[in-house]
Amino acid sequence: MTIEKFSFKYSELNIGRNALILAMGYSQESLPPMINEEIDEVLESGNELCNIEGGYRITDSVNWDKSIFSILLDNVAFDIHKVIFQQIKKSNSVAIFACTAGKKITDISKEIMKDGDLLKGYVYDLFGSIVVESAMDLIQDSLQKEMVALGLKITNRFSPGYCGWEVAEQKKLFSLLPEHFCGIELTDSCLMQPTKSVSGIIGIGESVKYNRYTCNICDAPNCLYRNLKYQ
Amino acid sequence: MSDTLERLMNCVELGKINKLSAFPPSLKGQDGADELSKLALDEGINPQVILNQALIPGMSKIGEKFSQGKAFVPEMLISAKAMTAAMKHLKPFFATGEIKRNGVFVIGTVFGDLHDIGKNIVAMTIEGAGWEVIDLGVDVKPEKFIETIEKYPNCVVGLSALLTTTMANMEVIVKEIKNKYPDKVILVGGAPLSQDYCNKIGASFYSRDPQGAVEYLKKVAA
Ligand code: B12
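Residue numbers (the working numbering), protein chains in the order written: chain A, 1019 to 1249; chain B, 435 to 656.
Just chain A, same shape as in the assembly (with noise of 0.2 Å):
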């Protein structure tokens, strides 16, 4: 069983004016002029805005009940549904992440909009998701390399609340990391806090295949992320 863990500055991320431009659904020519303010104050001050950590664990205690595409991590049974149990299905160990941009790009996003800039509150609000999972990339990337010097090779991380898997079974996946695991928790409603956090697995074997276009297997049609990332 092995735990790791990472912590980030923001400038490691390596997050460009691209990034944000895509996320809010505008390319570099359609964008219109007057976000520009909004979008360079909130890069400016990245790093103050971020408290980012992350990491996995990684478990080969995996087992498959294929009758019903479900997956038994250290004997605790995941519902991971059709199309995510295909992708991982050769898996022979499975590393469990969660990662987070922190609180404070929330709770500053949320007192911009109190005071009534709903637009400077919805750049740094779309920030913070553009920070956890940059930084989710990062982790995926050095999992990768330690897992390609074993021979071994990754699939893409998936999620819970996305292709059938059902968000309540985040309450199940806590339960396989430690408690307050990079600091962030789990509410009764399996909304993890801080806001801007991101849970899931990622396939370990040596015949699992990194998809590069997901989208053709998810069934979220209006995601924020739809087909932008490898575009």
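Note that these hints are calculated values from the structure, not bench results.
Ideal Cβ placement from N, Cα and C applies to all residues, glycine included.
A hint or two may mislead.
As a list, the in silico DMTMM-like pairs of lysine to aspartate or glutamate whose alpha-carbon atoms are at most 25 Å apart [unchecked claim]:
| id | chain 1 | residue 1 | chain 2 | residue 2 |
| --- | --- | --- | --- | --- |
| 1 | A | Lys-1138 | B | Asp-573 |
| 2 | B | Lys-525 | A | Asp-1133 |
| 3 | A | Lys-1128 | B | Glu-440 |
| 4 | B | Lys-499 | A | Glu-1047 |
Only some residues are given here: those of chain A computed to face chain B with a beta carbon under 10 Å [said to hold, decoys possible]:
| id | residue |
| --- | --- |
| 5 | Leu-1049 |
| 6 | Glu-1056 |
| 7 | Met-1131 |
| 8 | Lys-1138 |
| 9 | Val-1141 |
| 10 | Asp-1143 |
| 11 | Gly-1179 |
| 12 | Cys-1181 |
| 13 | Glu-1184 |
| 14 | Ala-1186 |
| 15 | His-1198 |
| 16 | Gly-1201 |
| 17 | Ile-1202 |
| 18 | Asp-1206 |
Residues from chain B that keep clear of chain A, each with C-beta distances beyond 12 Å, as calculated [as the list claims (entries may be wrong)]:
| id | residue |
| --- | --- |
| 19 | Met-435 |
| 20 | Lys-450 |
| 21 | Ile-451 |
| 22 | Gly-478 |
| 23 | Glu-509 |
| 24 | Gly-537 |
| 25 | Thr-582 |
| 26 | Tyr-586 |
| 27 | Lys-609 |
| 28 | Lys-612 |
| 29 | Tyr-615 |
| 30 | Cys-632 |
| 31 | Ala-656 |
With chain A fixed as given, assemble chain B with the ligand onto it according to the hints.
What follows is chain B with the ligand alone, placed relative to chain A:
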């Protein structure tokens, strides 16, 4: 329509706040929503007419573009800023009753859920459509909604949620409200919602975007 009202409507749609704002470039150096609403009042235009014929249609235009995918959240929020600048001049007329709102809209993110961006955008859009909005915030329990309905018996209620786990709490709230107020109009929205779910829990209306709610509210107010 008077030239001033037309220009004011344009400013709201394009998010031209005041003369100093550099955006949009096509209106650089020209009066914005701030100056034009004052000018309209000075020209003797009735404040209710300014609201109904310039400000609300301006917001509505950007809302429509948003629901067609031709504009995105930031543009809605910039228009809202321009609208706020204009409303500053109209405020006194609400107090004296010279301007009447379309009704009261009570909105909150359901208990168990702390997300407020989506809810805030809906609140802002509905306010921009001429409604008085009472924003109960996040993590709102059924009792709080009931209490507020008692204060504003003719209000319309809006519920927001971001995850399927918290969406389930909408059902509880709808049930408790409908128990006491069977005819209460309740709108639901948020990323995990669907028309099916709205029907299942007995809510009145589901919209995936704020403008859909505005159109529905027009019918409610009529
Ligand atoms: C950005 C994002 C994130 C970010 C930030 C989330 C946050 N809370 O701030 C990050 C990356 C951290 C994240 C994490 C997670 N996310 Co997420 N996320 C999104 C995404 C892409 C956009 C959400 C957003 O901010 N939208 C912008 C706002 C303005 O939109 P909105 O809130 O939906 O509101 C609009 C409408 O819904 C409507 N509306 C809202 N309320 C109301 C009310 C009324 C009355 C009306 C009429 C209309 C209305 O009008 C608003 C304006 O247009 C959505 C997918 C999507 N496209 O919606 C998934 C989504 C919300 N996430 C989802 C999930 C599952 C998660 C995680 C549980 C995944 C995980 N296990 O890690 C976590 C949970 C985080 C937590 N704290 O618990 C699911 C939720 C559905 C479900 N299965 O429950 C979604 C829908 C993706 C999907 N699977 O389709 N997420």
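How the hints compare with the structure:
1. With a C-alpha separation of about 23 Å, the suggested pairing of Lys-1138(A) with Asp-573(B) holds against the 25 Å cut-off.
2. The suggested pairing of Lys-525(B) with Asp-1133(A) holds, with an alpha-carbon distance near 18 Å, which does not exceed 25 Å.
3. Under the criterion of a C-alpha separation no larger than 25 Å, the hint pairing Lys-1128(A) with Glu-440(B) is inconsistent with the structure, at around 35 Å.
4. Taking the CA atoms of Lys-499(B) and Glu-1047(A), the gap is about 18 Å. The hint holds against a cut of 25 Å.
5. Among the interface hints, the one on Leu-1049(A) holds; its C-beta lies about 9 Å from the nearest C-beta in chain B, closer than the 10 Å criterion.
6. About 8 Å separates the beta-carbon of Glu-1056(A) from the nearest beta-carbon of chain B, less than 10 Å, and the hint is met.
7. The interface hint given for Met-1131(A) is met, as the beta carbon of that residue sits about 6 Å from the closest beta carbon of chain B, less than 10 Å.
8. The interface hint given for Lys-1138(A) is met, as the beta carbon of that residue sits about 9 Å from the closest beta carbon of chain B, less than 10 Å.
9. Hint on Val-1141(A) holds. Least Cβ distance to chain B is approximately 7 Å, under the 10 Å limit.
10. At a threshold of 10 Å, the smallest CB-CB gap from Asp-1143(A) to chain B is about 5 Å, leaving the interface hint in force.
11. The interface hint given for Gly-1179(A) holds, since its Cβ lies 7 Å from the closest Cβ of chain B, which is under the 10 Å cut-off.
12. Interface restraint check for Cys-1181(A): the shortest CB-CB distance to chain B comes to about 13 Å, outside 10 Å, so the restraint is violated.
13. Interface hint at Glu-1184(A): satisfied, since its Cβ lies 7 Å from the closest Cβ of chain B, which is below the 10 Å cut-off.
14. Against a cut-off of 10 Å between C-beta atoms, the interface hint on Ala-1186(A) holds, since the closest Cβ of chain B lies about 5 Å away.
15. For His-1198(A), the interface hint is violated, since its Cβ never comes within 10 Å of a Cβ in chain B; the closest pair sits about 19 Å apart.
16. A cut of 10 Å between beta carbons decides the hint on Gly-1201(A): the least distance to chain B is about 16 Å, and the hint is violated.
17. The beta carbon of Ile-1202(A) comes no nearer than 14 Å to any beta carbon in chain B, farther than 10 Å, and the hint placing it at the interface is violated.
18. About 7 Å separates the beta-carbon of Asp-1206(A) from the nearest beta-carbon of chain B, less than 10 Å, and the hint is met.
19. With a least CB separation of 26 Å from chain A, Met-435(B) remains clear of the 12 Å interface cut-off, as annotated.
20. Against chain A, the non-interface label of Lys-450(B) is violated: not every CB pair exceeds 12 Å, the least being about 10 Å.
21. Distance to chain A contradicts Ile-451(B) as a non-interface residue, since its nearest Cβ pair spans about 9 Å, not more than 12 Å.
22. Listed as outside the interface, Gly-478(B) is consistent with that label: its C-beta sits roughly 30 Å from the nearest C-beta of chain A, beyond the 12 Å cut-off.
23. A beta-carbon of chain A is positioned within 12 Å of the beta-carbon of Glu-509(B); the least distance is around 6 Å.
24. Distance check on Gly-537(B): its Cβ is at least 22 Å (rounded) from any Cβ of chain A, clearing the 12 Å threshold; non-interface status holds.
25. Residue-level check passed: Thr-582(B) sits 19 Å from the nearest beta carbon of chain A, beyond 12 Å.
26. For Tyr-586(B), the shortest C-beta to C-beta distance to chain A comes to about 22 Å, beyond the 12 Å cut-off, and the non-interface label holds.
27. Lys-609(B), annotated as away from the interface, keeps every beta carbon of chain A farther than 12 Å; the closest lies near 17 Å.
28. Every beta carbon of chain A lies more than 12 Å from that of Lys-612(B), the smallest distance being close to 22 Å; the non-interface claim holds.
29. Against the 12 Å criterion, Tyr-615(B) stays outside the reach of chain A, whose nearest CB is about 25 Å from its own CB.
30. Consistency note on Cys-632(B): stated as away from chain A, and its beta-carbon is indeed over 12 Å from all of that chain's, at 16 Å minimum.
31. Even its closest Cβ contact with chain A, about 29 Å, leaves Ala-656(B) beyond 12 Å, as expected for a residue assigned away from the interface.
Against the hints set out earlier in the document, violations occur for numbers 3, 12, 15, 16, 17, 20, 21, 23.
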